[in-house]
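Participant: Per this note's numbering, residue 55 is the first one in the sequence shown, and the count goes up by one each step.
Treat the hints as calculated values from the structure; they're not laboratory data. Keep in mind it's a predicted model, so treat the numbers as computed, not measured. Cβ atoms here follow ideal geometry from the backbone N, Cα and C, with glycine treated the same way.
Calculated lysine to aspartate or glutamate pairs in the EDC-like style (CA-CA distance at most 20 Å, straight line): (1) K362 - E189; (2) K238 - E251; (3) K362 - D286; (4) K92 - D107; (5) K309 - D369; (6) K362 - D283.
Using C-beta positions, here's what the derived DEER-type ranges look like: (7) V385 - E196: 33 to 43 Å; (8) S370 - G343: 14 to 24 Å; (9) Y111 - W184: 38 to 48 Å; (10) E146 - I167: 30 to 40 Å.
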Amino acid sequence: MKASDARFAAQRLAFGPLVFHAALALRDLGVLEALMHKGDTGASVADLAGELDLSSYALTVLLESGLGAGLVELDQGRYQLSKVGYFVLYDEMTRVNLNFVRDICYHGAAALITSLKEERPAGLEHLGEWRTIYEGISALTEPARSSWFEFDHYYSSSAFPDALPLVFRAPTRSLLDVGGNTGKWAVLCAEHHPSVEVTLLDGAPQIERALARATHAGVSARVHGTVVDLLDHAQEFPRGFDVVWMSQLLSCFAKADIVSILKRSARALAPGGRVVVLETFWDRQKYAGASYNLQQTSLYFASMANGKSRIYDFDSIRECVSEAGLNLEEVHDGLGVSHTLLRCSVA
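Use the sequences and the hints to build the structure in full.
Facilitator: Have a look at this one:
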């Protein structure tokens with residue numbers, strides 16, 4: 055990279071927080087959508103001022119910022135929507151990520167240095183007085199609550215249809231869902247397999263919400279819940295399961311906790327059972343943009359979630375699997391948006 059290009063990249067970082075809000079304003083105030091409707095002919099500031107409830111000054115400030123950020127293009131005094139602007143306006147992943155950063159991460163990220171030094175989510179106080187964000191998810195106010203769940207579900211749920219046939223490829227009478235969250239996976243399993251019994255492990259608010267989902271879906275007779283504090287290494291899991299399943303769970307814990315969870319999962323298996331892990335690994339992505347998203351998501355875990363976990367690289371989790379006394383038998387990449395499925399057995 056040339057020095058001039060590197061310096062420009064550094065300036066993008068310096069003004070990044072301001073550009074972030076300008077992008078949201080261009081989207082939420084209807085400027086990008088108005089340009090989309092103008093097509094190749096574009097629109098002048100005067101044109102847009104006549105259509106939108108914005109002054110020429112406001113439009114000029116936003117559009118010139120968007121020009122520098124690549125959201126819009128300018129030709130002979132007329133602005134057009136760029137490809138980047140199109141993605142900001144219509145791409146679901148971009149929408150989910152923007153809203154998540156705005157509503158969950160933005161204010162608390164200023165406490166990142168404190169979070170890293172003290173290994174606690176120092177920025178979480180902007181959302182509530184909890185030890186970790188997981189204790190307060192049910193109590194989040196809007197729009198933070200919706201943005202958190204949309205972010206979580208966009209990435210995890212996209213992989214569920216690909217994961218189901220891999221999980222149920224072998225006979226499965228019972229499944230333990232560790233960190234069952236809203237119960238979406240548990241309900242999908244009960245609907246997919248007519249006789250499987252699913253038990254969820256999670257905190258009390260999550261179990262309550264998950265069982266309500268199972269009742270609404272008509273599968274409550276085969277979906278059960280057990281309240282557990284996964285951080286308490288002395289709390290054993292129920293036993294005798296054909297599958298112990300966890301989705302996007304390990305990234306929520308420090309490595310010592312991961313090893314404990316995997317050891318307890320191994321002890322929860324019936325003979326011949328398997329531990330199945332669905333996770334995102336930043337070093338097993340097909341596209342650079344996906345790796346970038348995951349690497350930056352670790353900053354959320356550091357400053358807002360728990361101060362101890364991150365989006366892991368593949369080798370880090372493989373080491374935890376081995377330390378827990380499990381054999382890694384299969385690895386399946388490319389599930390959903392960005393997930394990898396690991397199939398493990400007792401060593």
